[in-house]
Amino acid sequence: MDGAVVAREQRSSTSFDGFVAARGDALWRSAWLLTGDSHLAEDLVQTALAKSWRAWDRIDDEGGFEAYVRRVLYTTYVSWWRRRWTGERPTEDLPETASAAPDLALRGDLTTALARLPRGQRAVVVLRYFEDLTERQAAEVLGCSVGTVKSQTARAMTALRSSPSLRPEEDA
Amino acid sequence: MTDDQWLRDHLTSSVPEPPSAPGRADAARRRARAARRRTAAVVATAGAVAVVAVVAPLALGGSGSSSPAPAAPTTSATTVTPEDVACPAGGTQPEGPGTLPDGAVGVRLCQGSGMTFQGPADALVTDVDALIDLVNEQPVLDMSGGCTMELGRGYVLAFAYPDGSIRTVAGQLYGCEPLTVGGVVRSNAELPWNRFNTLLAAQRRELDPPGDATTTVSCGDAADLGLSPVGRAGEMTSAVLCANYETASDQGPQQAAVPADDLAILLADRVARRRDTAAPPESCSQPADLRLLGVTAWGDVTETYLWCGLWSDERGHYWRPGADAQRILDRLVEEAGSPTPTVDAGSSAEDVVAAYVDLLNAGDRSGAAALWHPVAGPPDLPTMYSRVDYKVEGVKSLPRISAWRDATLVRALYREQIRDAYVPYRETSFTLGRDEEGVFRIVSMQLGDVVETGR
Chain A
1 MDGAVVAREQ RSSTSFDGFV AARGDALWRS AWLLTGDSHL AEDLVQTALA
51 KSWRAWDRID DEGGFEAYVR RVLYTTYVSW WRRRWTGERP TEDLPETASA
101 APDLALRGDL TTALARLPRG QRAVVVLRYF EDLTERQAAE VLGCSVGTVK
151 SQTARAMTAL RSSPSLRPEE DA
Chain B
1001 MTDDQWLRDH LTSSVPEPPS APGRADAARR RARAARRRTA AVVATAGAVA
1051 VVAVVAPLAL GGSGSSSPAP AAPTTSATTV TPEDVACPAG GTQPEGPGTL
1101 PDGAVGVRLC QGSGMTFQGP ADALVTDVDA LIDLVNEQPV LDMSGGCTME
1151 LGRGYVLAFA YPDGSIRTVA GQLYGCEPLT VGGVVRSNAE LPWNRFNTLL
1201 AAQRRELDPP GDATTTVSCG DAADLGLSPV GRAGEMTSAV LCANYETASD
1251 QGPQQAAVPA DDLAILLADR VARRRDTAAP PESCSQPADL RLLGVTAWGD
1301 VTETYLWCGL WSDERGHYWR PGADAQRILD RLVEEAGSPT PTVDAGSSAE
1351 DVVAAYVDLL NAGDRSGAAA LWHPVAGPPD LPTMYSRVDY KVEGVKSLPR
1401 ISAWRDATLV RALYREQIRD AYVPYRETSF TLGRDEEGVF RIVSMQLGDV
1451 VETGR
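Chains as they are written, first to last, in the working numbering: chain A, 1 to 172; chain B, 1001 to 1455.
If you are wondering where the hints come from, they were derived from the structure by calculation, not from laboratory data. Quantities reported herein were computed from a predicted structural model and do not represent experimental measurements. Take the hints with a grain of salt, since some may be wrong.
Stated by the list, open to error - One side only, chain A facing chain B, incomplete, derived with CB under 10 angstroms:
1) Ala50
2) Ile59
3) Phe130
4) Val146
A virtual CB, placed ideally from N, CA and C, is assigned to each residue, including glycine.
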């Protein structure tokens, strides 16, 4: 490998480190709302970063790269869901005892209610109400139509409103 | 405050502080490089297969024979039986050399620490040294970045040597994918796993299936044993249709045997109509979880399962049945039937309420009515509902002064839904007591307050 290539890789590596240091925690927060579990969230962030790493040199500005990583993070989250060999079965109703029980117990009823949403709806909720993306932006991240985002959002809100986990007294 | 704003505020406050992760970028880079190595290895393996395909006819049929004989196994397949290579009873060897010696006569794939799978009944006895080389060339795992627990399969490869000794290698297909060889933890556990399965499939192509392989399967087998990593859904020689309904009571899957002629039609339709890219929608509503669970001539348990109108398998193939195949599947679902909950003196009060809800949802009102106590007055069955939902919140015994034997209170959230209309849950109390035969029966059901949910 010649010196120029080495220097370019080192520069790229340093910048990538800087990006991860600056934005890694924000990515982790989104991942935590998706997975409800600290370890899975870290796994999801690292997986998304690993998949995106080779694109670092192709994308000029950090904002563009962060959008790229987020897209990978959300689509990876959905693909984890579909990956049957993990033993996870696609279902509309999650079991009463979620896999992320320790974190859910600590973080209260909203995360319990989130855990009961189908993954597509959960992803839309996090994109729209945590990331504050518009419907069109959320559709771009998920690679689906705006109509799908609208319908998923509506179903998610209906489910959250009727969730037994969200009692009035908890709102105080 | 609007719902939207409430959700925004509470999502933000729900997220915990991220843990310190100074090695996150390094870990991501390591994963990226490992993925690149895996991709390169797959490409190299595919290339090697292509080269063999070209070279083999030259080696075997140099005289121009139009039908060369199949290649013989390259090692002493005839002198080693599967019994010679057994899964070790004592687990893996955590200490010792971190390198496997050459010269193993066979290797068997066994269950390790992780999710269950069905290990193949036959041992690999060809090209074992190639597998040993692959294990030995894996780099030592760098544990400095920490490994996460993404649950997957765990396996053990048990290598048998001519002197009767056994050496084991343990792999985990999750987290950092550690590959433990003696006292050394290497990386890339997925590579030996894939290579073993590829080599075993190649070995089988040169041999006849064993005459004593399991030829039948039942719906509980996949849950108990797991699925085979080697078997393919298209190679089923017998199968059952399994239908799992969402029930309040603990019901196993319903099952219907697939006649051989029908299985042949289904498999042919699957070959003709299979797609590799038409992924099903993310979510849908289906009354039952359907699977075709089958066994191959080698005894491998394999399956294809229905999700949102498409049948999928472990390898990411999708199949939308044609009209004839669909008729067969529909008939099998009908034959399998829907679950019929039963109760007896061994059933708890909670079991009886769950059975009651299931019978209501199955439309069996007389069965539901029979779960009411015969001397408690007429059963209070719901009249207008499309589905009953029920979640137990607590169970407690009532004081002995109660008029009912072993009187028990089941507290639950309960609602009678009407199509898609939103119906809130209500706090509901079921009181039960044992009848003359000692079976819990419902004495009364009291609908309480509406449970205010959401905002």
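Consistency of the hints with the structure:
no.	hint	result
1	Ala50	holds (4 angstroms)
2	Ile59	violated (15 angstroms)
3	Phe130	holds (4 angstroms)
4	Val146	violated (16 angstroms)
Against the hints set out earlier in the document, violations occur for numbers 2 and 4.
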